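Produce the entire structure from the sequences given, and follow the hints as far as they go.
When the count follows our numbering, it moves up by one through the sequence shown with no breaks and lands on 317 for the last residue.
Treat each hint with caution, since some may be false.
What the hints assert, rightly or not - Derived DEER-like restraints, expressed as beta-carbon distance ranges:
hint	residue 1	residue 2	range
1	Ile125	Asp256	43 to 49 Å
2	Pro249	Ile61	46 to 52 Å
3	Lys145	His254	42 to 48 Å
Simulated from the structure, these hints should not be mistaken for laboratory data. The model shown is predicted, which means the values in this text are computed figures rather than measured ones. Don't be surprised by glycine CBs; every beta carbon is placed ideally from N, CA and C.
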Amino acid sequence: MEEQACPKCKTTLYRNPNMKLMVNVCGHNLCDSCVELLFAKGSGACPECGIALRRANFRHQLFEDASIDKEVDIRKRILRDYNMKREDFDDLQAYNDYLEMVEDLIFNLCNNIDILETNKRIAEYKEKNKDFITKNRHRQSQESLELLDMMSEEARSALLRQRDLQSEERALKAKKVEDKEKLIDDLMFLDTDAKAIVNQHAAQTEEEVVLPKRTKFSTGIDVHATNVGPFIPVAEAKPFVYNHVDLETRGPKPPTMSEIMERKYYKFVRAAGSNERPGGYHERIACARALQEAFSGLFYAPTQSAL
Numbered sequence: 011m012e013e014q015a016c017p018k019c020k021t022t023l024y025r026n027p028n029m030k031l032m033v034n035v036c037g038h039n040l041c042d043s044c045v046e047l048l049f050a051k052g053s054g055a056c057p058e059c060g061i062a063l064r065r066a067n068f069r070h071q072l073f074e075d076a077s078i079d080k081e082v083d084i085r086k087r088i089l090r091d092y093n094m095k096r097e098d099f100d101d102l103q104a105y106n107d108y109l110e111m112v113e114d115l116i117f118n119l120c121n122n123i124d125i126l127e128t129n130k131r132i133a134e135y136k137e138k139n140k141d142f143i144t145k146n147r148h149r150q151s152q153e154s155l156e157l158l159d160m161m162s163e164e165a166r167s168a169l170l171r172q173r174d175l176q177s178e179e180r181a182l183k184a185k186k187v188e189d190k191e192k193l194i195d196d197l198m199f200l201d202t203d204a205k206a207i208v209n210q211h212a213a214q215t216e217e218e219v220v221l222p223k224r225t226k227f228s229t230g231i232d233v234h235a236t237n238v239g240p241f242i243p244v245a246e247a248k249p250f251v252y253n254h255v256d257l258e259t260r261g262p263k264p265p266t267m268s269e270i271m272e273r274k275y276y277k278f279v280r281a282a283g284s285n286e287r288p289g290g291y292h293e294r295i296a297c298a299r300a301l302q303e304a305f306s307g308l309f310y311a312p313t314q315s316a317l
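Now the structure itself:
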């Protein structure tokens with residue numbers, strides 16, 4: 011592993027253990043001393059790529075690879091505007107296409123691919139969806155406030171439970187002391203047999219079983235509750251319909267799964283291990299795949315262009 015060093019002054023962490031590497035939006039790092047020297051006026055050019063940078067935008071490098079810091083910054087900036095959620099789309103396919111588009115934008119900016127065109131697309135999207143972006147930002151801030159309220163409520167509930175447990179422990183200790191003193195008094199002043207008195211106190215102690223309090227989940231649901239409220243409604247979507255795929259193998263039809271099992275073709279394939287079977291794997295699957303690949307392409311049909 012290469013030791014981290016400043017690309018400008020070549021100082022390494024071995025020579026200067028107090029060196030702090032800093033990174034800017036371009037993704038190239040500099041040590042804190044070089045940042046102070048090169049950007050003394052508040053702005054300057056990156057020694058690596060020549061992009062104009064501001065001193066205030068430098069921050070400490072979090073990852074060993076500075077390109078990861080660059081990707082993190084770009085991802086935060088892009089997702090601040092591309093903040094649509096699953097419920098904003100009619101179906102899952104549209105949402106997946108949206109996520110793929112966002113990842114393409116991030117990839118282009120991280121790898122300096124079509125920078126002008128990518129920034130133009132981002133600017134057009136921001137202008138076209140200005141109101142929707144603001145609405146989603148407000149919704150995210152509301153969700154953050156609700157999360158903070160939930161966390162504070164959980165902390166308060168945990169503190170109350172801790173106080174209840176401490177109170178129960180003190181009451182239990184006081185009860186034990188009281189029972190012990192009562193047993194001593196009975197042994198001293200009663201004329202009954204001492205063994206019978208001890209057995210009587212032991213029986214009373216067993217009968218006084220303290221039932222534990224009904225605990226709750228952090229969501230507020232009772233652990234022992236038998237009648238839980240309705241489930242969260244799921245957004246309606248078109249149900250998935252499986253369509254069998256007919257593969258054009260250009261060869262003989264391979265044996266089916268039932269034929270493989272009946273004729274025991276799977277015995278010529280490595281048997282599935284004990285750690286593979288729980289996941290649903292069986293050697294007949296590998297056998298079927300191998301036979302399909304072996305039969306594929308055996309029938310050669312030349313096209314007109316090949317002739």
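Hint check results:
{"no.": "1", "hint": "Ile125 x Asp256: 43 to 49 Å", "result": "holds, 45 Å"}
{"no.": "2", "hint": "Pro249 x Ile61: 46 to 52 Å", "result": "holds, 51 Å"}
{"no.": "3", "hint": "Lys145 x His254: 42 to 48 Å", "result": "holds, 43 Å"}
Figure legend: structure checked against the earlier numbered hints; every hint is met.
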